[in-house]
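**Q** For this one, chain U is given, so just place chains S and D on it according to the hints.
Residue-level listing of the chains:
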Amino acid sequence: MSAADTDVQKSPGHDAESVRGAGALLQAWRLLRRDQLGMFGLVLVVLMVGSAIFADLIVPYEPSQILVGPRMGPPSWEHWLGTDHLGRDLLSRVVKGGQVAFMVALASLGAALTFGILLGLLAGFGPQWLDNVFLLLFDGVRAFPVIIFGLATVTLMGPSLWTVVFVVAVTSIPIYARIVRTQTQALKNNEFIVAERAMGAGTGRILGVHVLPNVVGPLLILASMDVPLVITTEAGLSFLGMGVRPPTPSWGTLLNDGYNYIRNSPWPVIAGGIPIVITTLGFTFLGEALRDIFDPKLRKDL
Amino acid sequence: MSALLEVENLRVRFRAMSPLRAMATGVKDPFIEAVCGVSFRIGAGETLGLVGESGSGKSTIARTVMGLLQPAEGSIRFDGQDLVGLGRGEFNRVRRNMSMMFQDPVGSLSPRLTIRSLIVEPFKIHGLSDRELDAEAKRLLEMVGLSVDFAGRFPHQLSGGQARRVGVARALALDPKLIIADEPTAGLDVSVQGEVLNLLARLQNDLGLSILIITHNLNVVRHITDRMAIMYLGQFVEHGPTEEIFYHPRHPYTQALLSANPEPDPDAVSSRVEISGEVPSLMNRPAGCEFHTRCPYVQDLCRSEPPALASDSDGRAYTCHFPLQHDRAA
Amino acid sequence: MATRDDTAPLLDVRNLSLDFGSPRGRVHALRDVSLTVPKGRIVGVVGESGCGKSTLASTVIRLLAANADVTAGEIEFEGRDLLRLSEAEMRQLRGRRMSMVFQDPMTALNPVRSIEAQMLDIQYREPGSAEDKRRRAIEMLDKVGIPDPANRLEAYPHQFSGGMRQRICIAMALLVEPALLLADEPTTALDATLEVQIVHLLQRLQQDVGCSIVFVSHHLGTIAELCDDVVVMYAGEVVESGPVRDIFRNPGHPYTQALLACDPGRIREKTRQLPTIPGEVPDLRRVPSGCIFKARCSERHDRCDREAPESHRLESAVAGGEHRAKCHLREPGRSRAAAEVPS
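Protein chains in written order, with numbering that gives the first Met the number 0: chain U, 0 to 301; chain S, 0 to 329; chain D, 0 to 342.
Just so you know, these hints were derived from the structure itself, not from any lab. Please note that a few of the clues may not be correct.
[What the hints assert, rightly or not] For lysine to any residue, the following SDA-like pairs were computed, each having C-alpha atoms within a straight-line distance of at most 20 Å: (1) D:K132 / D:D207; (2) D:K269 / S:N204; (3) U:K187 / S:Q254; (4) D:K142 / D:D207; (5) D:K142 / D:V175; (6) D:K38 / D:A318; (7) D:K132 / D:G144; (8) U:K187 / S:R62; (9) S:K123 / U:R204; (10) D:K38 / D:L204; (11) S:K176 / S:S158; (12) D:K269 / S:Q254; (13) S:K27 / S:A15; (14) D:K38 / D:R244; (15) D:K38 / D:V175; (16) D:K38 / D:E73; (17) U:K187 / S:R14; (18) S:K123 / S:N96; (19) U:K187 / S:G106; (20) U:K187 / S:D103; (21) D:K269 / S:K123; (22) S:K123 / U:P212; (23) D:K269 / S:D225; (24) U:K187 / S:Q69.
Isolated chain U (complex conformation) (with noise of 0.2 Å):
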């Protein structure tokens, strides 16, 4: 009842919890539109997944297609983006190498997403000992340098979109497991859990039903703020020769090939930077003004 007070005086009639529940999708809609940088960002990232979506359907010329221009031509009325060294169109490219990268992020993210929940379910709730295994395994791999890791799973696997999405996948688990695992932990306790307990609720249901929903809120955000870091770490993969295989085109291998003909012309780097350059910003805006939405101390209420 205190509680009640020192809430009036805290930041009374602020509903943080009303942004979770009924309406938030129209609730936080509405604080989206206030926030400028976050608009902008929302903006570059329907422009940017959009374009790999309908990447097919919008390309001006077949991506692997060779002497569909000059060699090395820079930007004209026909090729916006200029030609690469074999005369393909450096647009086309772009928007399909686009298609790789989200796909490389949604796979890997989403692989990374379901195993990091469950393991930091069970690293939060179960025993300490369980808890102590995980952790060493979580730091352990964290410990371990990406691309390091990621030339020796290519020696192992040959590379590959999958081998990316693979070494991607890996690495990020540890970094969400560790956040579910210590949001799970600090709600083990919550009267709400116990009071489940207490009704009688296996730990199947706890975990699904009443820790689940109240983790991956954070969990969600910090993933789309990953999806610029997943999708650089699949161009530099793939810059290193370790990912896709020509003629397919990501914008990794678009800075490679561009690197090798930099003297030429500089409209293959620029191609192949400028996407990722636009993704980043767009995710990153968009994914602090959402952080910003969702967490009440950092909201301002005037």
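**A** Chains S and D only, in chain U's frame:
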């Protein structure tokens, strides 16, 4: 006459430090005794109050009876059935007849579920989803005096009093015989405390419920319990019929508790008995009578010898070498 | 400027109004609140959730959330209006002329600094060597009842129990010998038997230091025992104020009467039907017209719906005491036991 709930010589201990640390620091017994040999019974339709301050062990008893903790010793019999050592499946059958309300009214409700889902949770847990859950939710809401509109709301949208009622509704879902209420008035304004207590009293009348109330608020206990027990450091220092204890407390700690909740009257002679010091740590239990470090009437015997349980003819028992004889100025 | 003499009040809050901004509209947390604290007296502010008593205390010391907006009023303290002072000037007052003790002793102390460091810190503006300050700290700890203070000074907050921590907070607050101590529910988080100790401690220290205390609480029994004057708040307004004897023996406002009637300590006969005040506190984003208590008042009538009541002076059992209640029924010219036909 067999009571609904019979607890005998209950002892509950908690591990205070890991075995490694105990070995390293040479501590032989790294446990704290939260509940030390407590016995009581509750009959059908009766209300028993467990009163004590922090560290008294009252919440521990409640949780042990509900099966959330395992006792080190002692027996708990509910409706004739032994509860100690039951597996989760078997205990769940018992849980249909025994339910609990928790201290934090809003915090004990899962924040992302609607009130309707929260109230019918017991049905789902016990695999009774074939019932008409909406109808049950409506019935339970009406029973506690909340309108059906509440079904779609979320816990954070409720006031303390309303959330309490939802807790009661949830506790009543499966028609229990016994409700354990852990601090039912905590966090409620004085002007609405009566709501919950009146509700519990009415339900007891209508449904023949037994209630075990855990509280530190003696004033609450007085009005709603038939019998009560005062706890200190995991033991009963006095127990018996409520009114008797209120008018003739025998144990000095009872007297101190009674005077700590005075009538709000600026002219009432400050008959507040101030006891010095704080509750000793459970790891450092005093010798002799465990209350002697704070007792205003302490004497030599108290420091060395733990008092035995003495009984009065009117069903009262207390542990004190020199029980109070005078009547409390009521 | 008011002349500064010994009869002038130490703290005079006049017509204070404060809003909190929120995404769903402004919450009018304090409306036209007035409060007078004479020198050397203990004034209790009592009320239930949402009445604004904690907000009031925080406003005096000006430690408010970013979305708080004072819309009207003055807070006169030692001849200056606290609302007009700059943050730097307020800092000069805090921890020197006025101190505050908070509700939760667990979080009020810095967990990573020793008690010694914190108690020396609070004296940073005082003259004297570190040795002097240390000695003063030890004396104060002794006064508040910390056993073996010289040795315990090096300890950290987590090594003390809740009751001890609250005593340390009180020691720190009074160490600088302020003119005004604001205590925001200092005993709410403590056991009842501890509350008795802290209340008696405050009584003794107040005599010693001679400061005034504003004691915020919802616990009627404690207010009755400790305070000289009482202010009763409901939903952001002061509904009644006066000497403690008047408030408890002759309450003038229906809310105060109902509140006292609900206090279980007051009910002498065992009963299974405890009195309550039906209804809920109104939403302060849309303050209802008329009297703020009308929705829950047993003596409500037509006028209460339309017109907000004035604060009327009542008889006081104390010579020179000012007992006021904000209720139409207490308008002079009406019979005290107003038998109005309720609407």
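**Q** Decide, hint by hint, whether the structure agrees.
**A** Right, here's what the structure says about each hint:
Restraint check: the Cα-Cα separation between K132 of chain D and D207 of chain D comes to about 19 Å, which is no more than 20 Å; the hinted pair holds. A C-alpha spacing of about 16 Å is found between K269 of chain D and N204 of chain S, which places the hinted pair at or below 20 Å, so the restraint holds. This hinted pair does not check out: K187 of chain U and Q254 of chain S have alpha carbons roughly 38 Å apart, beyond 20 Å. With a C-alpha separation of about 10 Å, the suggested pair K142 of chain D and D207 of chain D falls inside the 20 Å cut-off, and the hint holds.
Restraint check for K142 of chain D and V175 of chain D: the C-alpha separation of about 14 Å stays at or below 20 Å, so the hint holds. As the CA atoms of K38 of chain D and A318 of chain D are separated by approximately 17 Å, the hinted pair is consistent with the 20 Å bound. At most 20 Å may separate the alpha-carbon atoms for a hinted pair to count; K132 of chain D and G144 of chain D meet this at roughly 19 Å. Among the hinted pairs, K187 of chain U with R62 of chain S is consistent with the structure: their alpha-carbon atoms are about 16 Å apart, no more than 20 Å.
Distance hint between K123 of chain S and R204 of chain U is fulfilled; the C-alpha atoms sit about 10 Å from each other, no more than 20 Å. About 15 Å separates the Cα atoms of K38 of chain D and L204 of chain D, which keeps this hinted pair within 20 Å; it holds. For the hint pairing K176 of chain S with S158 of chain S, the CA-to-CA distance comes to about 28 Å; that exceeds 20 Å, so the pair is violated. Between K269 of chain D and Q254 of chain S, the direct Cα distance comes to roughly 18 Å. Compliance with the 20 Å bound is thereby established for this hinted pair.
A C-alpha spacing of about 11 Å is found between K27 of chain S and A15 of chain S, which places the hinted pair at or below 20 Å, so the restraint holds. Among the hinted pairs, K38 of chain D with R244 of chain D is consistent with the structure: their alpha-carbon atoms are about 19 Å apart, no more than 20 Å. This hinted pair checks out: K38 of chain D and V175 of chain D have alpha carbons roughly 17 Å apart, not beyond 20 Å. Restraint check: the Cα-Cα separation between K38 of chain D and E73 of chain D comes to about 18 Å, which is no more than 20 Å; the hinted pair holds.
For a cut-off of 20 Å, the pair hint linking K187 of chain U to R14 of chain S stands: about 19 Å separates their Cα positions. The suggested pairing of K123 of chain S with N96 of chain S holds, with an alpha-carbon distance near 16 Å, which does not exceed 20 Å. In summary, the hint linking K187 of chain U to G106 of chain S is supported, as the alpha carbons are separated by about 13 Å, within the 20 Å threshold. Distance check on the hinted pair: K187 of chain U and D103 of chain S sit about 15 Å apart at the alpha-carbon level, within 20 Å; holds.
A hinted pair counts as satisfied when its Cα atoms are at most 20 Å apart, and K269 of chain D with K123 of chain S does not qualify at roughly 40 Å. The hinted pair formed by K123 of chain S and P212 of chain U meets the criterion: a straight-line CA distance of about 18 Å does not exceed 20 Å. With a C-alpha separation of about 11 Å, the suggested pairing of K269 of chain D with D225 of chain S holds against the 20 Å cut-off. This hinted pair checks out: K187 of chain U and Q69 of chain S have alpha carbons roughly 18 Å apart, not beyond 20 Å.
Of the hints listed earlier, those the structure fails to meet are numbers 3, 11, 21, in rising order.
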